[in-house]
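A.B. asks: Single-letter residue listing:
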Amino acid sequence: AQSVAQPEDQVNVAEGNPLTVKCTYSVSGNPYLFWYVQYPNRGLQFLLKYITGDNLVKGSYGFEAEFNKSQTSFHLKKPSALVSDSALYFCAVRDPWNSGNTPLVFGKGTRLSVIA
Amino acid sequence: DGGITQSPKYLFRKEGQNVTLSCEQNLNHDAMYWYRQDPGQGLRLIYYSQIVNDFQKGDIAEGYSVSREKKESFPLTVTSAQKNPTAFYLCASSIVSGLAGGETQYFGPGTRLLVL
Chain P
1 AQSVAQPEDQ VNVAEGNPLT VKCTYSVSGN PYLFWYVQYP NRGLQFLLKY
51 ITGDNLVKGS YGFEAEFNKS QTSFHLKKPS ALVSDSALYF CAVRDPWNSG
101 NTPLVFGKGT RLSVIA
Chain A
1001 DGGITQSPKY LFRKEGQNVT LSCEQNLNHD AMYWYRQDPG QGLRLIYYSQ
1051 IVNDFQKGDI AEGYSVSREK KESFPLTVTS AQKNPTAFYL CASSIVSGLA
1101 GGETQYFGPG TRLLVL
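Chains as they are written, first to last, in the numbering used here: chain P, 1 to 116; chain A, 1001 to 1116.
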């Protein structure tokens, strides 16, 4: 069964410093991986995804993520954090061996706090 | 949040009452999903539908029911059998394409259900 883990419930970073939000996955083949962000009392907003090709994926708002097959990881990164980046971040996976348009499986989320 | 609307934003349920949460999308997406979000537990799948007049149970379907009579609508009913319905409910949709699993899910703004 496919699964994704976000090992940190909370990440704190100073404004202007680089940030990393960690994600590891477990699937039977090569995964499809996604990152979403959620602001308070709002729905999830799509940031970026890895399907195939270049392991470094660039997304919205200056975020990027690196797919690492050997470490089964897909960490979200940003070179310089902003206070407005403070939110709840979700990693999600879909096993490509599943047929059709099956739902994403989400991690439990990591709360990012950027301190001015 | 794009072309997915959820209503109402807040919903109050009395003991023994069934309530229905609305989800409408104008994105011409084939697949629609319902997730439940509880603090610290991430998103858990309730039901999903890949095509009109067909739907599948997710991980926590007990106490919930759905219908998919129109492509653009996927209402969720929280029945009296659901003993702990207080949560944030998120609807999502996606296309079905040749990517075979790489499709992005887009989310609505959510409905917060509270029990009186």
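One or more of the hints may lead you astray.
[Unchecked claim] Label pairs and their in silico Cβ distance ranges: (1) A:Ile1095 - P:Ala1: 39 to 49 angstroms; (2) A:Asn1028 - P:Lys58: 22 to 32 angstroms; (3) P:Ser28 - A:Ile1095: 42 to 52 angstroms; (4) P:Gly62 - A:Lys1014: 38 to 48 angstroms; (5) A:Val1115 - P:Val83: 17 to 27 angstroms.
Rather than coming from a laboratory, the hints here were simulated on the basis of the structure. Quick reminder that beta carbons are idealized off the backbone N, C-alpha and C, glycines included.
A.B. asks: Does each hint fit the structure? Answer for all of them.
C.D. replies: These are the hints, each one checked on the structure:
1. A:Ile1095 - P:Ala1: 39 to 49 angstroms: Violated - the Cβ-Cβ distance for A:Ile1095 and P:Ala1, about 25 angstroms, lies outside 39 to 49 angstroms.
2. A:Asn1028 - P:Lys58: 22 to 32 angstroms: Taking Cβ atoms as reference, A:Asn1028 and P:Lys58 lie about 27 angstroms apart, which means the hint holds.
3. P:Ser28 - A:Ile1095: 42 to 52 angstroms: violated (24 angstroms)
4. P:Gly62 - A:Lys1014: 38 to 48 angstroms: Holds: the Cβ-Cβ distance is about 46 angstroms, inside 38 to 48 angstroms.
5. A:Val1115 - P:Val83: 17 to 27 angstroms: Hint violated: Cβ distance 35 angstroms, outside 17 to 27 angstroms.
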